[in-house]
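> Heads up: the sequence lines are chains Y, P, E and Z, in that order.
Last residue of the first sequence: number 315 in my numbering, and the count goes up by one each step with no gaps.
Last residue of the second sequence: number 315 in my numbering, and the count goes up by one each step with no gaps.
Last residue of the third sequence: number 378 in my numbering, and the count goes up by one each step with no gaps.
Last residue of the fourth sequence: number 378 in my numbering, and the count goes up by one each step with no gaps.
Keep in mind the hints are simulated off the structure, nothing from the lab.
It is possible that part of the hints are untrue.
[Said to hold, decoys possible] SDA-like, lysine to any residue: derived pairs with alpha carbons at most 20 Å apart:
| id | chain 1 | residue 1 | chain 2 | residue 2 |
| --- | --- | --- | --- | --- |
| 1 | Z | Lys222 | Z | Ile305 |
| 2 | Z | Lys211 | Z | Gly358 |
| 3 | P | Lys95 | Z | Glu354 |
| 4 | Y | Lys23 | Y | Val308 |
| 5 | E | Lys222 | E | Lys302 |
| 6 | Y | Lys61 | Y | Lys23 |
| 7 | Z | Lys300 | Z | Val327 |
| 8 | Z | Lys197 | Z | Leu125 |
| 9 | Y | Lys145 | P | Ser183 |
| 10 | Y | Lys313 | P | Ala146 |
| 11 | Y | Lys145 | P | Ser244 |
| 12 | Y | Lys163 | Y | Glu186 |
| 13 | Y | Lys49 | E | Ile119 |
| 14 | P | Lys313 | Y | Glu213 |
| 15 | Y | Lys313 | P | Lys95 |
| 16 | Y | Lys145 | P | Ser315 |
| 17 | P | Lys23 | P | Ala106 |
| 18 | E | Lys197 | Z | Pro199 |
[What the hints assert, rightly or not] Listed next, the stretches of chain Y that the computed footprint assigns to chain E, with coverage defined by at least 3 CB atoms under 8 Å from CB atoms of chain E:
| id | region |
| --- | --- |
| 19 | 25-36 |
| 20 | 244-252 |
[To be verified] Which chain Y residues face chain E? A few, computed with CB under 10 Å, are given here:
| id | residue |
| --- | --- |
| 21 | Leu22 |
| 22 | Ile82 |
| 23 | Ala260 |
| 24 | Thr277 |
What you are looking at is a predicted structure, and each value in this text was computed from that prediction instead of being measured.
For each residue, glycine too, the CB sits at the ideal point set by N, CA and C.
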Amino acid sequence: MAGMTNKVDLSVDLGFLKLCNPVLAASGTFGYGLEFEPYLDLEKLGGFVVKGLYFKPRDGNPPPRLVETASGLINAIGLQGVGIEAFAEKVLPKLRRLRTAVIVNVCGEDDDEYAAVVEYLDGQEGIAAYELNISCPNVKAEGLCPALSPRTTFDLVKRLKAASRRPLITKLSPNVTSIVEIAKAAEEAGSDAIALVNTFLAMAIDLETRRPKLRNVFGGLSGPAIKPIALRMVYQVASRVRVPVIGMGGIMTGADALEFLVAGAAAVEVGTANFVDPDAAVRIVAEIESWCEAHGVAAVREVVGAIKVS
Amino acid sequence: MAGMTNKVDLSVDLGFLKLCNPVLAASGTFGYGLEFEPYLDLEKLGGFVVKGLYFKPRDGNPPPRLVETASGLINAIGLQGVGIEAFAEKVLPKLRRLRTAVIVNVCGEDDDEYAAVVEYLDGQEGIAAYELNISCPNVKAEGLCPALSPRTTFDLVKRLKAASRRPLITKLSPNVTSIVEIAKAAEEAGSDAIALVNTFLAMAIDLETRRPKLRNVFGGLSGPAIKPIALRMVYQVASRVRVPVIGMGGIMTGADALEFLVAGAAAVEVGTANFVDPDAAVRIVAEIESWCEAHGVAAVREVVGAIKVS
Amino acid sequence: MTIDRNARLRDIRNWGDYFHLTIDTPDVGREARPGQFVMVKVGDGPIPLLRRPLSIHDAGKDGIELFFKVSGQGTEILSRKKPGDSLDLIGPLGKGFTVSDAMKGKRAHLVGGGRGIAPLFFLARELGARGVRTAVFYGGRRLADIPLRDKFDKAGIELLCSTDDGSFGFAGLVTELVGRELAKTKPDIIHACGPDAMMKALAALAAKHGVPAEFSLESIMGCGIGACWGCVHRIRNESGDGWTKICEEGPVFPGERILWPE
Amino acid sequence: MTIDRNARLRDIRNWGDYFHLTIDTPDVGREARPGQFVMVKVGDGPIPLLRRPLSIHDAGKDGIELFFKVSGQGTEILSRKKPGDSLDLIGPLGKGFTVSDAMKGKRAHLVGGGRGIAPLFFLARELGARGVRTAVFYGGRRLADIPLRDKFDKAGIELLCSTDDGSFGFAGLVTELVGRELAKTKPDIIHACGPDAMMKALAALAAKHGVPAEFSLESIMGCGIGACWGCVHRIRNESGDGWTKICEEGPVFPGERILWPE
Ligand SMILES: Cc1cc2nc3c(=O)[nH]c(=O)nc-3n(C[C@H](O)[C@H](O)[C@H](O)COP(=O)(O)OP(=O)(O)OC[C@H]3O[C@@H](n4cnc5c(N)ncnc54)[C@H](O)[C@@H]3O)c2cc1C
Ligand SMILES: Cc1cc2nc3c(=O)[nH]c(=O)nc-3n(C[C@H](O)[C@H](O)[C@H](O)COP(=O)(O)OP(=O)(O)OC[C@H]3O[C@@H](n4cnc5c(N)ncnc54)[C@H](O)[C@@H]3O)c2cc1C
Ligand SMILES: Cc1cc2nc3c(=O)[nH]c(=O)nc-3n(C[C@H](O)[C@H](O)[C@H](O)COP(=O)(O)O)c2cc1C
Ligand SMILES: Cc1cc2nc3c(=O)[nH]c(=O)nc-3n(C[C@H](O)[C@H](O)[C@H](O)COP(=O)(O)O)c2cc1C
Ligand code: FES
Ligand code: FES
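The following block holds chain Y by itself, in its conformation from the complex:
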């Protein structure tokens, strides 16, 4: 935690967005940001992505919505949320005052709803970018979502790119055969960055009752368990697309974050760790800084994509 001396240049440049450091809080794990004010200084983050928003308020799935697994967490929240209007009226004015990047995670039941959210938000100030959540496994049957096919990814991103005045970050699903193919489709459609990964479609069974532990049957697996697969996908994608990649999946420490940067991520998102330690994201910033200092790294962007494969 020592040494916030700013000797290390932690800033990263995504092209469309400059961040004071590469650590963002991940959507759905950081509420609307304000929930965390008692625990950390939001302005010490590179930024944060608010919980996924549909146009309309959503009630989400019935509980139980969470189950722990070995080094992992399965959630089936089902994107409960206040809807875009309540967000713009009640939450956004407070976020706007913060000197940190506020990214909105955009959802939709269908392409039209995504477009409506983007259009509506385009009329609002104080948003740095949209993260298109085309990859939530908890909403439709058995994890169906646009990010499962290059075609639906391309079509949706293309439409939203044309509709939006803001940069688009497309967030991909790991539940696919070729993450590279989907990433390329998003890039080709004009996405300004690629974020990955969302959660893995998973389930757990209560042996005594013989019922799924989640009322929704299926949920999304996150946490340290998924890190090795997420890191692999980030590495595969980062070397194949030109746009910046934002990596995530099981990041709990500065070292974890640095591994994603080394694999090629230009920035990272911290998800489940925020539940364990509400101040995890700023601790991770501090740990990255300490590591850079100890390793003579003057600017964190030097380690981005620095992986040596011979």
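Given chain Y, work out where chains P, E and Z with the ligands should sit, using these hints.
Just chains P, E and Z with the ligands now, with coordinates in the frame of chain Y:
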């Protein structure tokens, strides 16, 4: 470990093969079986699947070949093995004497090699079935294997079905968008059973050297970390195909095994657990038996597919 | 709402599976109100991954007390801590029971089932201090499940016990015991915490007798701070019946707002 | 080859990061030969998932001794065990150093670097018992890295120490110290265990002086029993140079069969 009283009927019938209990040791984690004789009675297992065999001996990948992750293990062995002739001459005669199901995990660089292995083994006695390993992520670049597409799965299984006099179990890869689609392709092509899952394509990075921890860069993730995803896939497939499903992925205890059975698996395979406890597979048999006893389950097959989803 | 990474276990006692911890954590202790809870980190690694919610059993200027039953891996790990061990906890969290000076001279029934007794000691003390005439109904399956009897007695709190198997006190469910009392004297409020089935039955009972009631709900909690939306319960709101985060708006809700699952 | 789930830690000592365990495990103790190892389960959960290989530092009818350096999570957990704790280990595993009566009167150099000294105490004792004239070369970075000096001295085993920083004994790499001795007296065999770089340099040295040498190799091990193919090293075999499982055919190999990585 108590109560091997045979009060519970542990036998399961895969149609083409009756097993004295539903627990098989998984390929690649149980050597050629004989390595485990000092630690357990092989005949107390439902059976075991020997390490993947190509026609020719194979040298495998350079080390490091293993790396531990949170509740997981990534391996990049690369299917080192003695080849089919040495196996038939030196190993098979010893296995033939065992009263347990010996299943051979069949590999190939291309379709012709798979066919050659099957043809060669068809001339040998003492094999209960072939498990077609069309899903090893450690052999070709970035995990490429036939099980990634329904087309290649169908073609290969169809060809091998026609070539083989023995039942075929097709072992699927979890690294796909729709496991159900691949399973159906295997079933349609004549596979007598579906085994899943093989390992998840993954990687780990050594932050200090900035190199992948595995010399092969990529490897396959197994162990408790993957169980929630594996269980989900087994559940999805079991309700969609008519042939029996053999489930695996992170089974460490009898309770884990029973969850796979409840999800619809007719039998299970135990993998990484064999490394931790060489007698894990028989312990799991005993734990299943105790659980059945304690829960008034007279025959383990009663719990197969017993999941209640309302 | 503090993260205290250096809370210190001063004392740990147990009766079978039930454990009582005394923890030095002044900031949390001073702020705490009855019915609030803390999120405790039980291990250092990712198993178990999440913190565990535990009600504040009592609080003072030096810290808090917890009372829990070993119910799985997390509470098992916690039960093996030793005096002097440092603990990492977040609290006080949530909104607690209604405690106000306006209650002076009124009568409150506090109903706890099993580990659900945890928050009621603190509540009984605070109500007592405000001149509320408080009776605690404490139910368990067997004698072994109501280990806090002496503690309430010593604190001079009126206590009525029940056990399902009749090994101590009233023989039967605690709700039956409460029902008999309600037939005699009607309190001004009921506060309760316990298994869902107990609370649901009690809610019906309270409604029947026209007594307002407050319930402390349980749920698996991902974060305890309103960030994960994991802990929801059906609650009647102005805007309709929605899934409401019990860590943030609760865990205590008035009975008439709670929609119990079938 | 036994799984002893009830091995018992009798004694644990340490010098900084280096730990010495005395373990009651009679079956393993009786069977053990120098250079063999055990696979120790360090935790009960899946973190870390795998057992850890540790050389048998000494053995007798009651059990074995281990000597290790805390090198990561697994050895750290092991270092926190207390006397009386039960341990779960498998062993003895692998093929050890060559120890035979035919060596009587001959001269052996044993070379250990850092934690690599572990198997050499048992070996030195067994060679000594067979009338082999044994000298142990024990190298470390600093004085703190060669904590077993006294133990060898007390056992009456000839010991030559080196430290890279010159804080004790010969100032320099242990291989330099061995090189100087080789220039004076040529042993009949060299046995070594230590970091790869040390062993590689020593192999060159031994070859130059025409002295046969045996090396105990290290690798990450998945199983220790030949089942996972994880622990391979390039070894010259009759059938060519292949990746060979060191848990099964090793961990000790004659120098001329080992192909060192670049
Ligand atoms: C606000 C709040 C206050 C609480 N206060 C207390 C208290 O003071 N004393 C006490 O003994 N217990 C209390 N609980 C319950 C306690 O949190 C759980 O018993 C504990 O989290 C179980 O963790 P575990 O790791 O031991 O068991 P696990 O292995 O996680 O779970 C054991 C079983 O309990 C279920 N479970 C897990 N977490 C919860 C939960 N939060 N609520 C209900 N069921 C759960 C699991 O699904 C499983 O069936 C409280 C819960 C809440 C929400
Ligand atoms: C046959 C054999 C005998 C051994 N005997 C001893 C002994 O007597 N005393 C002793 O101190 N150590 C010994 N080792 C090394 C010891 O096994 C490792 O230090 C230990 O497994 C590290 O585990 P960890 O969880 O503490 O560290 P980890 O966190 O697992 O690893 C720390 C670092 O060591 C590397 N590493 C992990 N396992 C091994 C390994 N098996 N060999 C080499 N590097 C590894 C990792 O890649 C990492 O860089 C032996 C190894 C083998 C193969
Ligand atoms: C409870 C929960 C809710 C989530 N909600 C969202 C969401 O609304 N939108 C989204 O894009 N991702 C959502 N995610 C996925 C995370 O943003 C992240 O992609 C994933 O959890 C992997 O990162 P982690 O392992 O660090 O948690 C959610 C994850 C969790 C655990
Ligand atoms: C070291 C290792 C080697 C493996 N080799 C093979 C193999 O040869 N053929 C195969 O089909 N699967 C192989 N597998 C995959 C396992 O059989 C199994 O599908 C996978 O490990 C998931 O099960 P688990 O989590 O219980 O280990 C291997 C797994 C490991 C860990
Ligand atoms: S526990 Fe996370 S929102 Fe309530
Ligand atoms: S450690 Fe598994 S084969 Fe050697």
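> None of the hints should be skipped; say for each whether it holds.
Taking the hints in turn, this is what the structure says about them:
| no. | hint | verdict |
| --- | --- | --- |
| 1 | Z/Lys222 with Z/Ile305 | holds (8 Å) |
| 2 | Z/Lys211 with Z/Gly358 | holds (18 Å) |
| 3 | P/Lys95 with Z/Glu354 | holds (17 Å) |
| 4 | Y/Lys23 with Y/Val308 | holds (17 Å) |
| 5 | E/Lys222 with E/Lys302 | holds (11 Å) |
| 6 | Y/Lys61 with Y/Lys23 | violated (31 Å) |
| 7 | Z/Lys300 with Z/Val327 | holds (13 Å) |
| 8 | Z/Lys197 with Z/Leu125 | holds (8 Å) |
| 9 | Y/Lys145 with P/Ser183 | holds (15 Å) |
| 10 | Y/Lys313 with P/Ala146 | holds (17 Å) |
| 11 | Y/Lys145 with P/Ser244 | holds (18 Å) |
| 12 | Y/Lys163 with Y/Glu186 | holds (16 Å) |
| 13 | Y/Lys49 with E/Ile119 | holds (18 Å) |
| 14 | P/Lys313 with Y/Glu213 | holds (11 Å) |
| 15 | Y/Lys313 with P/Lys95 | violated (42 Å) |
| 16 | Y/Lys145 with P/Ser315 | holds (17 Å) |
| 17 | P/Lys23 with P/Ala106 | holds (9 Å) |
| 18 | E/Lys197 with Z/Pro199 | holds (19 Å) |
| 19 | 25-36 | holds (count 4) |
| 20 | 244-252 | violated (count 0) |
| 21 | Leu22 | violated (24 Å) |
| 22 | Ile82 | holds (5 Å) |
| 23 | Ala260 | violated (14 Å) |
| 24 | Thr277 | holds (7 Å) |
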